[in-house]
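Keeping the supplied structure of chain A fixed, place chain B with the ligand upon it in accordance with the hints.
In order, the protein sequence lines correspond to chains A and B. Add 11 to the 1-based position in the first sequence for this note's numbering, that's all there is to it. Add 321 to the 1-based position in the second sequence for this note's numbering, that's all there is to it.
Hints are computed from structural coordinates only; laboratory data are not their basis. Computed from a predicted structure; not experimentally measured. Check the hints yourself; a few may be wrong.
Listed below are the simulated DSS-like cross-link pairs for lysine-lysine, each with C-alpha atoms no more than 30 Å apart in a straight line [as the list claims (entries may be wrong)]:
| id | chain 1 | residue 1 | chain 2 | residue 2 |
| --- | --- | --- | --- | --- |
| 1 | A | 163 | B | 326 |
| 2 | B | 326 | A | 189 |
| 3 | A | 163 | A | 189 |
Spelled out, the chains give:
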Amino acid sequence: MATIIPWKRRARVDEEGFEQLLRPHLQAMYRLAWRLLRNREDAEDLVQEVVLQLYRRREELAAVEVLRPWLMRVLYHRFVDEQRRRGRQVPLAEPDGETDDPLDGVAHPDPEPGQLLQRMQDVSTLQAALDGLPEIHRQVLLLHDVEGYTLKEVSVITGAPVGTLKSRLNRARAALKKVLTEMEPSAGLRRVAE
Amino acid sequence: MTDCKTIRQRFDDYQSHSLSRPDLDDLEAHLNDCAACREALDAHRAWRVAMAGLPFEPPSPGFEERVLGAVRREAKGRGHRRAFFAGVGVALAASLAVAVVLLRFVPSGGDGSEAMRVAEVMLPEHGQLRLRIQADRPVQDASLSLELPPGLELAGYEGQRRLQWRSDLAAGTNYLSLPLRLRNPQGGELVARVRVGDRTRVIRVRVRPRMTGAELGWPAVVV
Ligand SMILES: [Zn+2]
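So here's chain A without its partners, still in its complex pose:
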């Protein structure tokens, strides 16, 4: 038996429709931009450019089922392009090559879990440790662990395969743990002498 379902003509996406689509995502776009750039003005500029770029392809925007990762993808690639234009190398893979072995780094026990977590609670220490990582590790941690995108979404955003990302994430976590463990605690963590 045939099913009758309503047939809607594809709505034209005007500015108002575009605003409705975009508005719920602007804060998240800014947040990712800021995490990548670590500067408010640059982050706001990046979001502005991306939004104007998206407006020019708004009809396509309306066809995307799950908007959030797709928007982040456009933003991320714009960021990478900008960095290249400024002559900053953004490596797309680790220099020593990446394996797809998802067990990489998993067996690595935390040297001292208690101490590690204590250092992580101090946000300036954690931020400094993250900032010091190779860009490729920093980015996967920002996207997955900090911003909370799933590996599938990170794959959409960066274009890297899930298997590669899984291995990269494990290496990045191991690298961050190592830095945190070896780091001098920041002033925030130091006990005031009595």
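Same frame as chain A, now just chain B with the ligand:
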């Protein structure tokens, strides 16, 4: 019992509730029996909480309005560049896993005929087929029917081989977007029919699988 390495490798999926039922049962059974993995899970959770709690500098006041205001200015100032952007839109459509087929429906006299067209499109597993139906004047109460071969499904209407819509057609271009799920590696042929009174236009669309564009059907190219 699944080994500890494998179990710990699933912690992220466990936390995002994306483990399959058997893997979830397996993991929970393992946690019941393995104190070391329970501890590792606690450490993992604490890690995720600390990372997710990393602060950021909020945007300056009025940020959203400024961004959207620029869009409004763009909309006003660049209306005359429509044609250019329309062209860009077509190129982008291809990268968005959207295939467009055109069905020119020009009701020009009751000839009772069935004009047939054949098109071939490549779509990823989750792709969109967009039927573009051209009418030279407004048409009331057109009917569109869709016959789907096995292995090709309309999202939201899984398992249904025949679907039917009724709608008016505006003069000019009318779109019907069909989110398709291609379950069959050989693809298949769907038949779309537009009917007004006794006049019918038919298009047979051969849908073949496309491997590019990533498994999720996202654009492979970014502007
Ligand atoms: Zn265990």
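These are the hints, each one checked on the structure:
1. A:163 to B:326: holds (21 Å)
2. B:326 to A:189: holds (20 Å)
3. A:163 to A:189: Satisfied, since the Cα-Cα distance of roughly 26 Å is no more than 30 Å.
In summary, this structure violates none of the numbered hints.
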